[in-house]
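**Student:** Sequence:
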Amino acid sequence: SEVWQHQRLPTQVGWDSHNYVTMAVDRDGHLHVSGNMHVVPLIYFRTETAGDISTLKKMSMTGKDENRVTYPKFLTDHQGKLIYSYRDGSSGNGVQVWNAYDTATRAWSRFLDTPLLDGDGKRNAYPHRPQYGPDGWYHLIWVWRDTPDCATNHNLSYARSQDLKHWQSASGVAVKLPMRFKDKVLVVDPAPSGGGMINGGQGLFFDSNKRPVISYHKADENGHMQIYAARYEQGAWKHHVLTHWDKAVDFSGRGSMNFIGISLSGLRRIEPGLLTMTYRHKHYGHGRLMIDEESLKPVNKNVKMVPKFPAALKRIDSDFTGLRIRRASDIGGDPDGSVRYLLQWQSLGVNHDRRHQPPYPEPSKLKLYKLRANR
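Counting from 1, position 270 in the sequence shown corresponds to residue 298 in our numbering; the numbering is continuous, with no gaps.
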């Protein structure tokens with residue numbers, strides 16, 4: 029059908045940027061929807077009839093540890109089993125819980141007997157979504173954070189797994205769950221609290237030899253903000269410095285942060301042996317790095333870049349000051365590797381999870397785009 033069906037659910041997203049909405053479709057065609065949570069009881073809906081969103085019904089999952097939920101994520105393992113992860117607790121004091129869905133019984137249970145990550149009541153982990161690599165392993169990166177202040181992020185860490193249940197370090201040392209701060213074998217870069225790391229500010233890439241490469245920013249020994257790339261080489265994580273800036277970028281604050289003074293795009297390959305990434309810096313503006321893949325050293329090379337999105341998708345159709353384009357991609361992918369789907373809308377920027385002062389822009393349209401790569 030080319031006619032959109034709409035179904036209003038009994039929960040409304042407000043101004044808190046933590047309260048995003050995520051959804052997934054299981055192997056039987058049932059839609060699962062969750063979101064609008066920031067240290068509140070679980071909000072989760074599932075269709076009672078596959079393919080019919082009018083039958084979405086609010087329900088619990090396991091009924092355990094569902095009173096202080098944040099950061100819901102749906103993912104699937106290599107067998108297609110639907111998994112749901114979330115943080116139980118709060119910033120600076122939380123654990124990462126994983127549930128699994130059984131399509132036969134239409135019931136949720138614990139995927140892991142213990143939390144995946146546990147801050148021992150003194151901190152919490154901010155993990156990225158596990159990424160399935162070209163080597164057949166799932167790769168997970170995260171930072172630890174001591175308090176709600178974003179300046180207290182530290183200790184970039186990494187683990188890998190073949191089944192999302194049994195985890196090990198880059199060197200192959202098995203780690204007992206839950207993974208904890210004390211597991212030093214998992215540390216990629218022991219940057220201290222206040223050392224210039226931010227949760228979500230890392231990128232995971234795989235080089236031509238299927239090795240994970242983690243891009244991130246932190247302050248150097250002089251307090252100047254730099255961009256780094258870490259790769260596991262010859263039995264240890266090697267940290268490659270990609271910039272040589274002489275300015276500090278200090279940041280702190282609670283809640284959803286706007287531009288903290290530095291942001292990175294993550295690495296991508298643009299031609300054999302050549303990687304690139306973009307950055308935004310409060311002192312140096314916007315820029316692009318070209319990086320030799322073998323040495324992970326910056327190189328001076330001009331390459332014609334293919335835009336990530338068509339020009340039409342970059343235009344804001346309003347003259348209201350402060351409007352920005354927001355996008356959400358289909359993380360599930362498409363059987364046709366050349367196709368991807370994209371949701372796009374316009375809104376004001378984040379405001380530490382508080383309401384903006386009026387006046388307000390007119391509501392924007394939520395649009396779905398189907399993008400096809402040129403071959």
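Honestly, the hints are just simulated from the structure, not real lab data.
Honestly, I wouldn't trust all of these hints.
Distance condition first, Cα-Cα at most 25 Å in a straight line; then the derived DSS-like pairs of lysine-lysine [claimed, not checked]:
#	residue 1	residue 2
1	212	92
2	266	336
3	336	275
4	86	101
5	212	238
6	342	393
7	342	266
8	101	150
9	336	325
10	109	150
11	325	101
12	193	92
13	85	109
14	193	204
15	310	342
16	275	204
17	86	109
18	398	342
19	150	204
20	238	150
21	193	212
22	332	342
23	275	310
24	109	210
25	150	92
26	310	325
27	101	193
28	342	325
29	210	266
30	101	204
31	275	238
32	150	212
33	336	395
34	212	275
35	325	238
No experiment lies behind these values; they were computed from the predicted model shown.
**Student:** Indicate, hint by hint, whether the structure satisfies it.
**Tutor:** A quick look at each hint next to the structure:
no., hint, verdict
1, 212 to 92, "violated, 30 Å"
2, 266 to 336, "violated, 30 Å"
3, 336 to 275, "violated, 30 Å"
4, 86 to 101, "holds, 17 Å"
5, 212 to 238, "holds, 24 Å"
6, 342 to 393, "holds, 15 Å"
7, 342 to 266, "violated, 37 Å"
8, 101 to 150, "holds, 23 Å"
9, 336 to 325, "holds, 24 Å"
10, 109 to 150, "violated, 32 Å"
11, 325 to 101, "violated, 35 Å"
12, 193 to 92, "holds, 20 Å"
13, 85 to 109, "holds, 21 Å"
14, 193 to 204, "holds, 10 Å"
15, 310 to 342, "holds, 22 Å"
16, 275 to 204, "violated, 41 Å"
17, 86 to 109, "holds, 21 Å"
18, 398 to 342, "holds, 15 Å"
19, 150 to 204, "holds, 19 Å"
20, 238 to 150, "violated, 35 Å"
21, 193 to 212, "holds, 20 Å"
22, 332 to 342, "holds, 19 Å"
23, 275 to 310, "holds, 9 Å"
24, 109 to 210, "violated, 31 Å"
25, 150 to 92, "holds, 22 Å"
26, 310 to 325, "holds, 23 Å"
27, 101 to 193, "holds, 17 Å"
28, 342 to 325, "violated, 31 Å"
29, 210 to 266, "holds, 21 Å"
30, 101 to 204, "holds, 23 Å"
31, 275 to 238, "violated, 34 Å"
32, 150 to 212, "holds, 16 Å"
33, 336 to 395, "holds, 18 Å"
34, 212 to 275, "violated, 30 Å"
35, 325 to 238, "holds, 18 Å"
Going through the hint list in order, the structure does not satisfy hints 1, 2, 3, 7, 10, 11, 16, 20, 24, 28, 31 and 34.
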